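Each chain, written out:
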Amino acid sequence: MMSKLPPAILLALLASVAPAVTQQRATIEDSTHVQELGYKAVPNFFKLPKGEYFGETQGIATNSKGHVFVYFRDPQTRLWEFDQNGNFVKEIGKGYYGFLYAHAVRVDRHDNIWTVDEGTNMVTKFDPTGTKVLLTIGWRPEVSDGISTAGAPTGPDGNYTLCRPTDVAWDAQDDIFISDGYCNNRVVKYDKYGKFLAKIGKRERGSGEGEFNLPHSIQVDRAGNVYVADRGNARYVVLDNNLKWKTAYNNYGSAWSACISTEGPKQYLFMSNSNPNGNGPGSWAQTGQIYKAELDGTVIGKFGHAGKLAPGFQVVHMMDCRNPNTIFVGEIESWRSQKFVLGTGK
Amino acid sequence: MKRLTTCLLAASVLTAAAAVSGAFAQGALNYTASDPITYPRTIYAGEVAGVATNSKGHLFVFQRAGNPYASLGGSRIFVHGQDQLLEFDPAGKFVREIGKGNYSSLVANSVRVDAHDNIWTADRYSGMVIKFSPDGSRILMLLGRKPESINVTVAGAAGRGGGRGRGNRAPGQGGDQDVFTGVSDVAFDASGNIFVADGYGGDNRVAKFTPDGVFVASFGKTGSDDASLDNPRSIAVDAAGNVYVADHGNHRVQVLSNDLKRVVRTIGGVGDPAAVCISPGAHPYLYVSNSNPMDDLDKGGEIYRLELSGQVVGRFGTAGKAPREFASVNQLDCRQAGTLYTAETGGFRVQKVTLR
Chain A
58 MMSKLPPAIL LALLASVAPA VTQQRATIED STHVQELGYK AVPNFFKLPK GEYFGETQGI
118 ATNSKGHVFV YFRDPQTRLW EFDQNGNFVK EIGKGYYGFL YAHAVRVDRH DNIWTVDEGT
178 NMVTKFDPTG TKVLLTIGWR PEVSDGISTA GAPTGPDGNY TLCRPTDVAW DAQDDIFISD
238 GYCNNRVVKY DKYGKFLAKI GKRERGSGEG EFNLPHSIQV DRAGNVYVAD RGNARYVVLD
298 NNLKWKTAYN NYGSAWSACI STEGPKQYLF MSNSNPNGNG PGSWAQTGQI YKAELDGTVI
358 GKFGHAGKLA PGFQVVHMMD CRNPNTIFVG EIESWRSQKF VLGTGK
Chain B
5 MKRLTTCLLA ASVLTAAAAV SGAFAQGALN YTASDPITYP RTIYAGEVAG VATNSKGHLF
65 VFQRAGNPYA SLGGSRIFVH GQDQLLEFDP AGKFVREIGK GNYSSLVANS VRVDAHDNIW
125 TADRYSGMVI KFSPDGSRIL MLLGRKPESI NVTVAGAAGR GGGRGRGNRA PGQGGDQDVF
185 TGVSDVAFDA SGNIFVADGY GGDNRVAKFT PDGVFVASFG KTGSDDASLD NPRSIAVDAA
245 GNVYVADHGN HRVQVLSNDL KRVVRTIGGV GDPAAVCISP GAHPYLYVSN SNPMDDLDKG
305 GEIYRLELSG QVVGRFGTAG KAPREFASVN QLDCRQAGTL YTAETGGFRV QKVTLR
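First to last, the sequence lines map onto chains A and B.
Heads up, my numbering is the position in the first sequence plus 57, with the first residue counted as 1.
Heads up, my numbering is the position in the second sequence plus 4, with the first residue counted as 1.
Do not rely on the hints blindly, as some may be mistaken.
[As the list claims (entries may be wrong)] Think about it this way: if two alpha-carbon atoms lie no more than 27 angstroms apart in a straight line, the pair counts; the simulated DSS-like pairs of lysine-lysine are:
| # | chain 1 | residue 1 | chain 2 | residue 2 |
| --- | --- | --- | --- | --- |
| 1 | A | K151 | A | K104 |
| 2 | A | K147 | B | K104 |
| 3 | B | K212 | A | K189 |
| 4 | B | K356 | A | K189 |
| 5 | A | K97 | A | K122 |
| 6 | B | K225 | B | K135 |
| 7 | B | K265 | B | K303 |
| 8 | A | K256 | A | K301 |
| 9 | B | K150 | A | K249 |
| 10 | B | K60 | B | K97 |
| 11 | A | K189 | A | K252 |
| 12 | B | K104 | A | K151 |
| 13 | B | K135 | A | K249 |
| 14 | A | K107 | A | K147 |
| 15 | B | K104 | A | K189 |
| 16 | B | K225 | A | K147 |
| 17 | A | K256 | A | K303 |
| 18 | B | K303 | A | K259 |
| 19 | A | K323 | A | K301 |
| 20 | B | K60 | B | K150 |
| 21 | B | K97 | A | K151 |
| 22 | B | K225 | B | K150 |
| 23 | B | K104 | A | K252 |
| 24 | A | K189 | A | K249 |
| 25 | B | K303 | A | K256 |
| 26 | B | K356 | A | K252 |
| 27 | B | K356 | B | K303 |
[Stated by the list, open to error] One side of the interface only, derived from the structure: several residues of chain A facing chain B at Cβ under 10 angstroms:
| # | residue |
| --- | --- |
| 28 | V146 |
| 29 | Y153 |
| 30 | T181 |
| 31 | T186 |
| 32 | R197 |
| 33 | P198 |
| 34 | Y217 |
| 35 | K252 |
| 36 | A255 |
| 37 | H362 |
| 38 | L366 |
| 39 | A367 |
Everything labelled a hint here was simulated from the structure, so no lab data went into it.
Every value quoted in this text rests on a predicted model; they were computed, and no experiment measured them.
The beta carbon of each residue, even a glycine, is placed where N, CA and C say it ideally should be.
Can you build the whole structure from these sequences, using the hints too?
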């Protein structure tokens, strides 16, 4: 709660006054000149099990067969698998020790399913069937004296301890990149067996080069460059494969979620200017759209808008863009996941 | 580079310590490692805290699963959790879950099988030892008692909201018969006497009970001198009845006499012992794991083979999550000479290690 406050304040400032952030506002307003991409929402794509509901939808990801995985907050955090037609297949991870408060799910190029749980501070790699735990990163302190959450002995920013991690990605060598998170402000790189390799950022928030303020989402392109949605700083940061700072894109709004397409000869970067938690006054007018861009940050177009009713967005938390023309979004405040087809007219 | 440093460090510690094991001249042992069990589709690996075999080659895996949770009572807060005790046959096929949902489940720490194939579990935070019948269908005996309720402390608040909620006594006062503060392990001698290590709650002691559960003696208080222990995480008993205590925080194995009246010898030079076991047969070995901490994969991880005298005669392994590496070994089973099973809390797995 405490560590969530500052970004909320920042967004409130963005939405109301503060000449200090005029430049960011200006760039967002400039988006009125950005081309609208034609898109079609697929209504009620997901067929939920009878008597069940989604909760706060945090993570959404597809595998190579088109199955969709949705990771969400319920009384028990849950991971559901759907087939390519939106039919419910199964629940994964029921009773699993690493599930407490969902944040992200991703599928790697081998179809392994990865979850990022900010309640247990754990990233987990499941096999493609979702039945076997293959690797964990981070650890969950034991339930100890009462409800003390004192955390790990060496502090939450050790090389092997995460603090409310947010997302995971991989390069072509299967090295692992984790954005960490709400109470650390850094990105950490591990080899495929979870050995620490590198990190950038630190425990404290910052807004300079090499610093983060709530790194909220992470992706890696084919060349190995790392893209971080630096939410509190409203920018998308680009790092090289060894986590050295390259550049930042400052003109895409609130920087909640990043997604890089993997199908087709060319990769695209999708960025969500998600409307803020609580939908502050005026926020719908300035936020809600998703941008499509070249990897170098050149904008191509945008689609979508904030709204309580589908196909509007209620705080897009995560996107899947394996196919750059088929976008899945997971939204927090509508307890909703949606499928969109781009380039098909409004 | 880092591993080299660790080796050098270990060597220097050894030189400094007045350890029984004279030299660091132990050879590296060749070994293979495999995944010996297949989880059922409905059960996920958790932090595997314990592993043990019975006389028929069945494997018992004790792991931390699910989510601990608190219930708001009228004037107190109650805590519940989920340990999973899973039985697998010699081929690694799942047989059954034992003790599901039992009242003591909080944080699994150890499982052992006695000479009669009874299955014993130790739960760190309920402070309870449970003896199950060989088929797991009945609870035959309990040691310790789960605290009725917990005192809630809010992280970041000044000070602490009271004691550990373990009944009427603050930790560190030591020695209450079978009231434990943080049970870590259980072991048995040839006569069936029971030894319990109370290593996580601040009492830092080992207690002895008769086969019927009557308290006999206690050894240890918090500290580093010869009468003290610091986080005794694991115990094993040899054929002569001596009790080997992984005195983790004191970087040593303390060997105690069967009556717990004296220290027979001190074994150093094996890092920070976290798990011990003694193999059977005419030439038993003591295995000691210098397990890496849960939050560090770049430290320790190796397992030592020693003569019971304390002489190191071999070592193998390093910290890591790749196959053949070890990620926070919390317990070892070595019922079969030349075969070890590792329970890895950091690795979320059991490995079967075959020494060449």
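Consistency of the hints with the structure:
| no. | hint | result |
| --- | --- | --- |
| 1 | A:K151 with A:K104 | holds, 19 angstroms |
| 2 | A:K147 with B:K104 | holds, 23 angstroms |
| 3 | B:K212 with A:K189 | violated, 40 angstroms |
| 4 | B:K356 with A:K189 | holds, 18 angstroms |
| 5 | A:K97 with A:K122 | holds, 22 angstroms |
| 6 | B:K225 with B:K135 | holds, 26 angstroms |
| 7 | B:K265 with B:K303 | violated, 34 angstroms |
| 8 | A:K256 with A:K301 | holds, 9 angstroms |
| 9 | B:K150 with A:K249 | violated, 40 angstroms |
| 10 | B:K60 with B:K97 | holds, 14 angstroms |
| 11 | A:K189 with A:K252 | holds, 20 angstroms |
| 12 | B:K104 with A:K151 | holds, 15 angstroms |
| 13 | B:K135 with A:K249 | violated, 40 angstroms |
| 14 | A:K107 with A:K147 | holds, 13 angstroms |
| 15 | B:K104 with A:K189 | holds, 21 angstroms |
| 16 | B:K225 with A:K147 | violated, 51 angstroms |
| 17 | A:K256 with A:K303 | holds, 15 angstroms |
| 18 | B:K303 with A:K259 | holds, 22 angstroms |
| 19 | A:K323 with A:K301 | holds, 24 angstroms |
| 20 | B:K60 with B:K150 | violated, 32 angstroms |
| 21 | B:K97 with A:K151 | holds, 20 angstroms |
| 22 | B:K225 with B:K150 | holds, 21 angstroms |
| 23 | B:K104 with A:K252 | violated, 34 angstroms |
| 24 | A:K189 with A:K249 | holds, 17 angstroms |
| 25 | B:K303 with A:K256 | holds, 19 angstroms |
| 26 | B:K356 with A:K252 | holds, 22 angstroms |
| 27 | B:K356 with B:K303 | holds, 22 angstroms |
| 28 | V146 | violated, 13 angstroms |
| 29 | Y153 | holds, 4 angstroms |
| 30 | T181 | holds, 8 angstroms |
| 31 | T186 | holds, 8 angstroms |
| 32 | R197 | holds, 8 angstroms |
| 33 | P198 | holds, 8 angstroms |
| 34 | Y217 | holds, 5 angstroms |
| 35 | K252 | holds, 6 angstroms |
| 36 | A255 | violated, 13 angstroms |
| 37 | H362 | violated, 37 angstroms |
| 38 | L366 | violated, 34 angstroms |
| 39 | A367 | violated, 32 angstroms |
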